[in-house]
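Each chain, written out:
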Amino acid sequence: MCPENSYIGDGTGSVEPVTAEQRRELDRLFSVTYEELRRLASTVRRGDPSATLSPTALVNEAWLKMASSPNVSAESHLHFKRIAARAMRQLLVEAARRRHANKRGGEQGIVFVTLQDFIDQSKPYEDQVLALDTALEDLARLNPRQAAIVESRFFGGLDVAETALMLNVSEATILRDWRVAKAWLARELRRGA
Amino acid sequence: MDSERLEQIQNLFHETADLPEAERLPYLQSVCANDTELLDEVLSLLAEDAGPSSLLDQPMGHVADQLLADPAQPRQFGPYRVTSLLGEGGMGVVYLAERADLGSLVAIKILRDAWLSPARRERFSTEQRTLAQLNHPSIARLYDADTLPDGTPWFAMEYVEGLPLTAFCRQHACSIERRLHLFRAVCEAVQYAHGHAVIHRDLKPSNILVKEDGSVRLLDFGIAKHQEALDSEADLTQTGLRLMTPAYAAPEQIRGERASIHNDVYALGVILYELLAGRLPFDFSNRTPTEAQTIVVQQEPERPSAAARKAALLSASDSSWADLDVLCLTAMHKDVQRRYGSVEALIRDVDHYLANQPLDARPDSLRYRFGKFISRHRSAVVASSLAAVLVVGLVIFFTVRLAKARNLAEAEAARTQRIQQFMTRLFEGGDEAAGPKDDLRVVALLDRGLQEARGLDAEPAVQADLYQTLGGIYQKLDNLVQAESLLKLALERRQALFGSNHPRVAESLVALGLLRVDQARFDDAEKLVRDGLEMSRRTLPPGDPALALAASALGRVLSERGSYDKAIEILEEAVRLRSEGEITPELASSTYELANAHFYAGHFPQSGELNQKVLAMHRQLYGARHPHVAEDLINLGAIQFEQGHYPEAEVLYRQALEINQSWYGKDHHTTASNLTMLGRALVREERYDEAVDLLQQSMAIQERVYGQDHPRVASALNELGSVALKRKHLDEAEALFQRMVNTYRRANGDRHYLVAIGLSNLASVYMERKENQRAEQVYRDVVQRFTTALSPGHLNTGIARVKLGRSLVRQRKYAEAETEILAGYGILTKQTSPSVTWLQAARQDLITLYDAEGNSEKAALYRAEYAKAAPPKK
Chain G
273 MCPENSYIGD
283 GTGSVEPVTA
293 EQRRELDRLF
303 SVTYEELRRL
313 ASTVRRGDPS
323 ATLSPTALVN
333 EAWLKMASSP
343 NVSAESHLHF
353 KRIAARAMRQ
363 LLVEAARRRH
373 ANKRGGEQGI
383 VFVTLQDFID
393 QSKPYEDQVL
403 ALDTALEDLA
413 RLNPRQAAIV
423 ESRFFGGLDV
433 AETALMLNVS
443 EATILRDWRV
453 AKAWLARELR
463 RGA
Chain D
121 MDSERLEQIQ
131 NLFHETADLP
141 EAERLPYLQS
151 VCANDTELLD
161 EVLSLLAEDA
171 GPSSLLDQPM
181 GHVADQLLAD
191 PAQPRQFGPY
201 RVTSLLGEGG
211 MGVVYLAERA
221 DLGSLVAIKI
231 LRDAWLSPAR
241 RERFSTEQRT
251 LAQLNHPSIA
261 RLYDADTLPD
271 GTPWFAMEYV
281 EGLPLTAFCR
291 QHACSIERRL
301 HLFRAVCEAV
311 QYAHGHAVIH
321 RDLKPSNILV
331 KEDGSVRLLD
341 FGIAKHQEAL
351 DSEADLTQTG
361 LRLMTPAYAA
371 PEQIRGERAS
381 IHNDVYALGV
391 ILYELLAGRL
401 PFDFSNRTPT
411 EAQTIVVQQE
421 PERPSAAARK
431 AALLSASDSS
441 WADLDVLCLT
451 AMHKDVQRRY
461 GSVEALIRDV
471 DHYLANQPLD
481 ARPDSLRYRF
491 GKFISRHRSA
501 VVASSLAAVL
511 VVGLVIFFTV
521 RLAKARNLAE
531 AEAARTQRIQ
541 QFMTRLFEGG
551 DEAAGPKDDL
561 RVVALLDRGL
571 QEARGLDAEP
581 AVQADLYQTL
591 GGIYQKLDNL
601 VQAESLLKLA
611 LERRQALFGS
621 NHPRVAESLV
631 ALGLLRVDQA
641 RFDDAEKLVR
651 DGLEMSRRTL
661 PPGDPALALA
671 ASALGRVLSE
681 RGSYDKAIEI
691 LEEAVRLRSE
701 GEITPELASS
711 TYELANAHFY
721 AGHFPQSGEL
731 NQKVLAMHRQ
741 LYGARHPHVA
751 EDLINLGAIQ
761 FEQGHYPEAE
771 VLYRQALEIN
781 QSWYGKDHHT
791 TASNLTMLGR
801 ALVREERYDE
811 AVDLLQQSMA
821 IQERVYGQDH
831 PRVASALNEL
841 GSVALKRKHL
851 DEAEALFQRM
861 VNTYRRANGD
871 RHYLVAIGLS
881 NLASVYMERK
891 ENQRAEQVYR
901 DVVQRFTTAL
911 SPGHLNTGIA
921 RVKLGRSLVR
931 QRKYAEAETE
941 ILAGYGILTK
951 QTSPSVTWLQ
961 AARQDLITLY
971 DAEGNSEKAA
981 LYRAEYAKAA
991 PPKK
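Respectively, the protein sequence lines represent chains G and D.
First residue of the first sequence: 273, per the numbering used here; consecutive thereafter.
First residue of the second sequence: 121, per the numbering used here; consecutive thereafter.
Keep in mind that the hints were calculated from the coordinates and are not lab data.
A quick note: this is a predicted structure, and the numbers were derived from the prediction, not measured.
Be aware that a few hints might be false.
Per the computed footprint, the stretches of chain G lying under chain D, defined by three or more beta-carbons under 8 Å from a beta-carbon of chain D, are [unchecked claim]:
1. 356-368
2. 398-408
Examples of chain G residues toward chain D, derived with CB under 7 Å [claimed, not checked]:
3. Phe426
4. Val452
5. Lys454
6. Ala455
7. Ala458
8. Arg459
9. Leu461
Ideal Cβ positions, reconstructed from N, Cα and C, are used throughout, including at glycine.
Go ahead and model the full structure; you've got the sequences and the hints to work with.
Structure, rendered in structure tokens:
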């Protein structure tokens with residue numbers, strides 16, 4: 273019916289193990305992205321309280337720095353963005369896990385108020401991010417391409433054209449997959465509630 | 121749920137998502153028929169699609185911002201209570217804290233979100249280690265370090281209440297002399313750090329505070345680097361990743377070159393400029409970062425004197441200003457070679473200025489002096505400029521330390537004990553934590569050990585022992601320059617103490633001889649070891665372990681230089697001497713050398729048998745994952761390889777590589793030669809891409825460790841040449857083989873069999889070019905060389921004769937060809953498996969020549985042999 277569904281994944285499927293080299297690359301990227309996020313966060317908090325950080329801007333910033341470094345120039349921009357998306361996912365899942373654990377330990381309750389108009393006010397971000405991670409892993413088993421699309425778009429801030437180029441499918445396919453995968457994941461998140 | 125079911129659900133979703141609400145349900149009900157679960161699934165997706173937004177509709181920035189928001193920080197770090205926040209950066213937070221019992225103030229630095237990344241944890245603990253190591257009145261001191269229950273690491277350091285250097289000078293309207301004295305104090309602190317192989321890399325006035333009493337403190341070693349650590353690629357990247365303040369960054373830093381002490385010299389120059397001129401050398405206020413970087417690399421700054429006159433802040437005579445210009449602009453010269461070569465040199469000229477003496481940094485004298493430096497340290501500079509800096513730095517540091525009066529007796533006792541502990545840990549083996557896994561740590565310990573050894577002038581005998589031991593360790597760590605200077609020192613001290621006929625002197629001679637083997641200086645090596653062995657025989661009773669040691673060493677030297685028969689004889693003696701009693705590392709070592717000698721002499725069965733024995737001994741002595749075990753696996757692999765059993769060899773090499781990489785890390789000569797051998801096996805298996813990748817990695821490591829003219833580099837050249845040949849990159853192959861032949865000639869002498877192997881491979885290139893006559897000439901020479909260097913019946917002689925035969929077949933000289941091929945064929949069938957490519961090639965050539973001569977009976981015979989040995993078709 274849809275021949276592109278035969279897609280198996282070329283290292284973009286999120287269930288595939290990360291290689292040692294990728295792990296080192298991620299780690300370097302973590303450090304940069306994270307510290308840039310931190311620096312911006314403290315600036316933003318001092319200045320405009322409603323401003324937020326765009327992952328796209330962060331990733332682009334990190335790329336510019338990596339690209340000007342003499343050893344990394346051969347890496348393709350898209351590959352970098354792909355890795356960055358995965359880095360962001362791991363970073364947030366790790367952060368959510370720690371907050372979750374801290375809360376349950378009850379040692380230092382973390383209280384924050386969400387200013388966002390949010391579907392599920394009762395559920396803090398950390399629980400949702402953890403649930404999304406699990407649901408994405410399930411989806412990756414059933415349809416690796418859709419999982420890769422969500423990871424790249426949500427965590428990496430890739431736009432439709434970039435995602436299409438990266439996965440080598442049409443933009444229409446990306447839009448179609450994104451819509452159904454979003455519905456699917458939203459339902460999984462609700463079920464886990 | 122499986123993929124098909126998901127696809128079914130999703131397809132129905134797409135078909136109905138854009139239908140009018142009213143048409144959806146009837147359609148779905150008709151399609152789903154009795155599958156109510158399918159219906160529910162599709163309906164729930166449609167409901168989500170139309171419904172309110174979910175997490176996935178949130179901007180990721182919000183999510184990240186919330187999840188990474190700071191949890192409340194504890195107020196208590198060990199005995200310190202936080203009183204206020206001092207600062208906040210990308211890396212962490214700095215608090216002011218009070219020690220409850222003493223009331224003293226400290227600065228507490230924490231690493232925020234330590235769990236996030238090993239690289240950040242590493243950098244944080246590097247800063248902490250660096251501070252712990254630096255103990256200088258002008259460097260903020262480390263007091264305490266620990267980890268909070270949630271895993272957040274922190275350390276407490278001296279809290280410095282003061283003003284940034286430039287602000288202090290402004291506020292106190294300091295004179296030029298006062299400014300230079302403060303600057304000199306900063307330089308001394310930096311020089312001290314360099315003496316400890318630490319480069320600050322982020323020197324700027326805000327990191328230099330001046331206290332009310334006028335004393336300076338150097339802060340923030342957050343991105344400081346150990347010079348030994350600078351070789352790793354990751355480091356280059358990190359440097360590139362860092363957002364630099366271009367104002368104090370040297371041009372070579374901006375170009376992304378490796379960090380060095382010269383960066384710090386440049387930054388000090390800029391700071392001096394700022395102190396004299398009242399402003400920075402370049403104005404970046406309206407520039408983009410890229411423009412700023414271009415200016416730093418290309419534009420010359422205005423003379424500080426001219427800038428100062430405009431500001432009318434400071435006054436001095438014209439001749440003084442001229443000197444200050446030279447001083448400042450030499451320190452921040454764009455060309456590293458024309459900059460002050462060290463902070464020490466800069467300090468000297470500051471002193472010259474203050475004492476009203478002529479500066480060293482006049483343009484002509486500087487070049488002269490730099491040239492002198494290079495010629496004084498040529499070997500060190502060539503081998504490793506870092507090592508040279510390290511040695512010079514340590515000597516300077518040691519001199520400084522000697523000048524301080526100390527309680528010698530107490531210090532010495534502590535020293536000796538510490539060195540003994542250190543040595544014991546390093547040598548006993550089995551203690552993985554002290555093994556070479558973390559070279560940096562070993563080198564740091566070693567350098568400390570060396571400093572201690574240098575302090576033992578009062579006890580020259582002990583000092584010589586320590587030099588001897590340390591030299592041996594540096595040799596193991598591949599720092600051959602350092603090893604040579606220490607082993608020579610040990611020898612000289614012992615000769616002075618004990619005369620020219622003493623077991624200790626003999627020991628030194630043997631050790632230096634073995635170093636010469638590593639340096640591929642075999643004549644020297646043999647002479648030194650023979651002298652050592654003779655001296656041991658004269659001065660020691662028979663049965664003394666030192667005799668077996670020296671014999672074993674001589675065996676190794678003879679083996680390395682290709683005199684295998686002599687080597688086997690002396691090694692058998694060493695094994696005999698060591699065979700009494702239990703299995704010892706020494707017995708294993710001599711047996712190992714003996715197995716090697718047999719291997720190189722072409723006695724594979726004997727070598728295999730001995731190697732199996734050594735493997736068993738090593739496993740018993742060291743456990744299954746020790747480098748010695750890896751070496752034995754490699755030797756057994758080599759035996760398989762030489763007999764044409766490449767997949768078997770590959771398996772053994774990979775087992776060895778796994779052990780070596782985890783033990784030594786990825787950048788060590790052992791790993792490199794292991795890579796070469798694995799590459800060789802892959803070449804023979806025709807897996808070229810994998811092979812070339814491994815071989816190039818290997819050659820890069822070898823050239824760094826040994827220099828370009830070493831046999832090990834030649835071995836990598838050979839394999840790369842072979843691959844180039846197989847891929848028909850003939851010019852490249854010729855150049856690689858020619859370089860290989862030259863390298864072996866220089867290292868081993870013209871008559872060595874490895875030279876013949878190189879020539880034989882060169883001839884293969886000629887064959888490929890159809891230059892058959894030229895190939896024939898070379899092959900004849902090669903057969904001759906193998907016959908004398910090895911033996912007429914050696915495998916290599918056989919292969920060479922088969923190859924010679926082929927060059928003759930190509931020229932239709934069938935009679936001569938038949939003689940050569942049959943001779944080679946006879947040698948090969950005795951020693952290799954029937955399917956070896958050489959034998960198959962020989963059969964093909966025989967078929968060709970018998971066909972051409974019309975001898976159909978013999979042609980049929982070899983056709984049958986060929987078919988029998990051909991691998992089954994896939």
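Status of each hint after checking the structure:
no., hint, verdict
1, 356-368, "holds (count 6)"
2, 398-408, "holds (count 4)"
3, Phe426, "holds (6 Å)"
4, Val452, "holds (5 Å)"
5, Lys454, "holds (5 Å)"
6, Ala455, "holds (4 Å)"
7, Ala458, "holds (4 Å)"
8, Arg459, "holds (5 Å)"
9, Leu461, "holds (6 Å)"
When the structure is compared with the earlier hints, no violation turns up for any of them.
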